[in-house]
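Using my numbering, you'd call the opening residue of the sequence shown number 1 and step up by one each time.
Any given hint might turn out to be false.
What the hints assert, rightly or not - With a straight-line cut-off of 20 angstroms between C-alpha atoms, the simulated EDC-like cross-links for lysine to aspartate or glutamate are:
#	residue 1	residue 2
1	3	73
2	125	110
3	125	73
4	125	113
5	95	42
6	3	118
7	28	76
8	3	42
9	3	100
10	133	118
11	5	73
12	150	110
13	28	155
14	154	118
15	28	145
16	5	110
17	95	76
18	133	163
19	150	128
20	70	118
21	116	55
22	116	100
23	95	73
24	154	110
25	133	57
26	70	110
27	3	163
28	5	113
Said to hold, decoys possible - Pairwise CB distance ranges, derived in the manner of DEER restraints:
#	residue 1	residue 2	range
29	56	148	30 to 36 angstroms
30	73	95	15 to 21 angstroms
31	141	96	27 to 33 angstroms
32	45	129	19 to 25 angstroms
33	50	162	35 to 41 angstroms
34	49	74	32 to 38 angstroms
35	97	167	29 to 35 angstroms
36	88	50	23 to 29 angstroms
Simulated from the structure, these hints should not be mistaken for laboratory data. Just so you know, even glycine gets a beta-carbon here, dropped at the ideal spot from N, CA and C.
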Amino acid sequence: MNKLKRPLLLVGFMGAGKSTVGQALADKYGYRFVDLDHMISDSEARTIPEIFAQDGELGFRLYEFQYLQKAIERYDIIATGGGIISFDQTFNYLKSVPADIIWLDAPFSDLYDRIKNDRNRPNAKSRDEAAVKNLYSSRVSRYNEIAFIKITTKETLTQTLSEIENVLFANDQY
Numbered sequence: 001m002n003k004l005k006r007p008l009l010l011v012g013f014m015g016a017g018k019s020t021v022g023q024a025l026a027d028k029y030g031y032r033f034v035d036l037d038h039m040i041s042d043s044e045a046r047t048i049p050e051i052f053a054q055d056g057e058l059g060f061r062l063y064e065f066q067y068l069q070k071a072i073e074r075y076d077i078i079a080t081g082g083g084i085i086s087f088d089q090t091f092n093y094l095k096s097v098p099a100d101i102i103w104l105d106a107p108f109s110d111l112y113d114r115i116k117n118d119r120n121r122p123n124a125k126s127r128d129e130a131a132v133k134n135l136y137s138s139r140v141s142r143y144n145e146i147a148f149i150k151i152t153t154k155e156t157l158t159q160t161l162s163e164i165e166n167v168l169f170a171n172d173q174y
């Protein structure tokens with residue numbers, strides 16, 4: 001069985017498929033998986049939109065940083081939220097944490113189609129496409145800075161998983 005040498009963090013914009021890909025890898029290899037947004041929501045007994053409404057985005061980002069540190073110690077694969085790189089403390093932590101970080105991405109039009117009607121995305125729900133695209137553009141350089149590789153989720157889940165497996169396990173046979 002292929003073994004991860006250290007935790008795998010999946011980063012990328014909303015709708016990139018981080019949760020879907022992370023869960024599929026975990027199911028295939030028996031890894032411990034967590035969706036960080038679900039961990040926060042379950043632990044705080046509130047939805048992400050409720051946390052944003054009650055504590056503001058900064059409050060949510062502080063929870064995100066706190067729960068990321070716990071998740072790194074407990075899980076093999078972590079699907080992060082799309083804005084995890086927007087809070088400097090978390091971004092700097094991600095740059096130094098001993099983990100493999102993969103940036104999942106797709107053409108913006110695909111990402112937007114996946115999220116445009118999702119009410120659970122506070123940073124997208126009352127914004128038009130241009131505003132969401134500006135948010136995406138503002139995050140690209142940070143995803144690029146912390147990820148060791150970028151993988152597209154434009155194709156099928158099977159193709160995406162195959163690309164990730166090639167990257168993670170390419171040297172396992174030697």
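Hints versus structure:
With a CA separation close to 16 angstroms, the supplied pair residue 3 and residue 73 stays within the 20 angstroms bound. Restraint check for residue 125 and residue 110: satisfied, since their Cα atoms lie roughly 16 angstroms apart, inside the 20 angstroms limit. Taking the CA atoms of residue 125 and residue 73, the gap is about 32 angstroms. The hint is violated against a cut of 20 angstroms. Proximity of residue 125 to residue 113 is assessed by CA-CA distance (about 13 angstroms); at most 20 angstroms being required, the pair is judged to hold.
For a cut-off of 20 angstroms, the pair hint linking residue 95 to residue 42 is broken: about 27 angstroms separates their Cα positions. Taken as a hint, the residue 3 and residue 118 pair is broken in the structure, with Cα atoms around 34 angstroms apart against an allowance of 20 angstroms. Between residue 28 and residue 76 the CA atoms are separated by roughly 13 angstroms; this keeps the pair inside 20 angstroms, and the hint holds. About 28 angstroms separates the Cα atoms of residue 3 and residue 42, which puts this hinted pair outside 20 angstroms; it is violated.
Of the pairs offered as hints, the one joining residue 3 and residue 100 holds, with about 13 angstroms between alpha carbons and a cut-off of 20 angstroms not exceeded. Between residue 133 and residue 118, the direct Cα distance comes to roughly 16 angstroms. Compliance with the 20 angstroms bound is thereby established for this hinted pair. For the hint linking residue 5 to residue 73, the alpha-carbon distance of about 13 angstroms falls within 20 angstroms, and the restraint holds. Straight-line distance between C-alpha atoms of residue 150 and residue 110 comes to about 16 angstroms, which keeps the hinted pair within the 20 angstroms bound.
Note on residue 28 and residue 155: the hinted pairing holds, with a Cα-Cα distance of about 19 angstroms set against a maximum of 20 angstroms. Annotation: proposed proximity of residue 154 to residue 118 holds, straight-line Cα distance about 19 angstroms (limit 20 angstroms). For the given pair, residue 28 sits about 29 angstroms from residue 145 by alpha-carbon distance, which is inconsistent with the 20 angstroms threshold. Proposed proximity of residue 5 and residue 110 is contradicted: the alpha carbons are some 32 angstroms apart, above 20 angstroms.
Restraint check for residue 95 and residue 76: satisfied, since their Cα atoms lie roughly 18 angstroms apart, inside the 20 angstroms limit. With a CA separation close to 26 angstroms, the supplied pair residue 133 and residue 163 exceeds the 20 angstroms bound. Between residue 150 and residue 128 the CA atoms are separated by roughly 26 angstroms; this puts the pair beyond 20 angstroms, and the hint is violated. Under the criterion of a C-alpha separation no larger than 20 angstroms, the hint pairing residue 70 with residue 118 is inconsistent with the structure, at around 27 angstroms.
For the suggested pair residue 116 and residue 55, the alpha carbons sit about 24 angstroms apart, so the restraint of at most 20 angstroms is broken. In summary, the hint linking residue 116 to residue 100 is not supported, as the alpha carbons are separated by about 29 angstroms, beyond the 20 angstroms threshold. Our distance criterion of 20 angstroms between C-alpha atoms is met by residue 95 and residue 73, whose separation comes to about 16 angstroms. Between residue 154 and residue 110 the alpha-carbon distance is near 7 angstroms, which keeps this suggested pair within the 20 angstroms criterion.
A threshold of 20 angstroms between alpha carbons decides the hint, and for residue 133 with residue 57 the separation of about 19 angstroms falls inside it, so the pair holds. Distance check on the hinted pair: residue 70 and residue 110 sit about 32 angstroms apart at the alpha-carbon level, beyond 20 angstroms; violated. Distance restraint check for residue 3 and residue 163: the Cα-Cα separation of roughly 16 angstroms lies within the 20 angstroms cut-off, and the hinted pair is therefore satisfied. For the hint linking residue 5 to residue 113, the alpha-carbon distance of about 35 angstroms lies beyond 20 angstroms, and the restraint is violated.
Look at residue 56 against residue 148: about 32 angstroms separates their beta carbons, and that is inside 30 to 36 angstroms. The hinted range of 15 to 21 angstroms is satisfied by residue 73 and residue 95, whose Cβ atoms lie roughly 18 angstroms apart. A hinted range of 27 to 33 angstroms for the beta carbons of residue 141 and residue 96 is inconsistent with their spacing of about 18 angstroms. For residue 45 and residue 129, the Cβ-Cβ distance of about 33 angstroms falls outside the hinted range of 19 to 25 angstroms, so the restraint is violated.
A hinted range of 35 to 41 angstroms for the beta carbons of residue 50 and residue 162 is consistent with their spacing of about 38 angstroms. The hint said 32 to 38 angstroms for the Cβ distance between residue 49 and residue 74, and at roughly 26 angstroms that hint is violated. Checked against the given bound of 29 to 35 angstroms, the beta carbons of residue 97 and residue 167, roughly 18 angstroms apart, lie outside it. A hinted range of 23 to 29 angstroms holds for the C-beta pair residue 88 and residue 50, which are about 25 angstroms apart.
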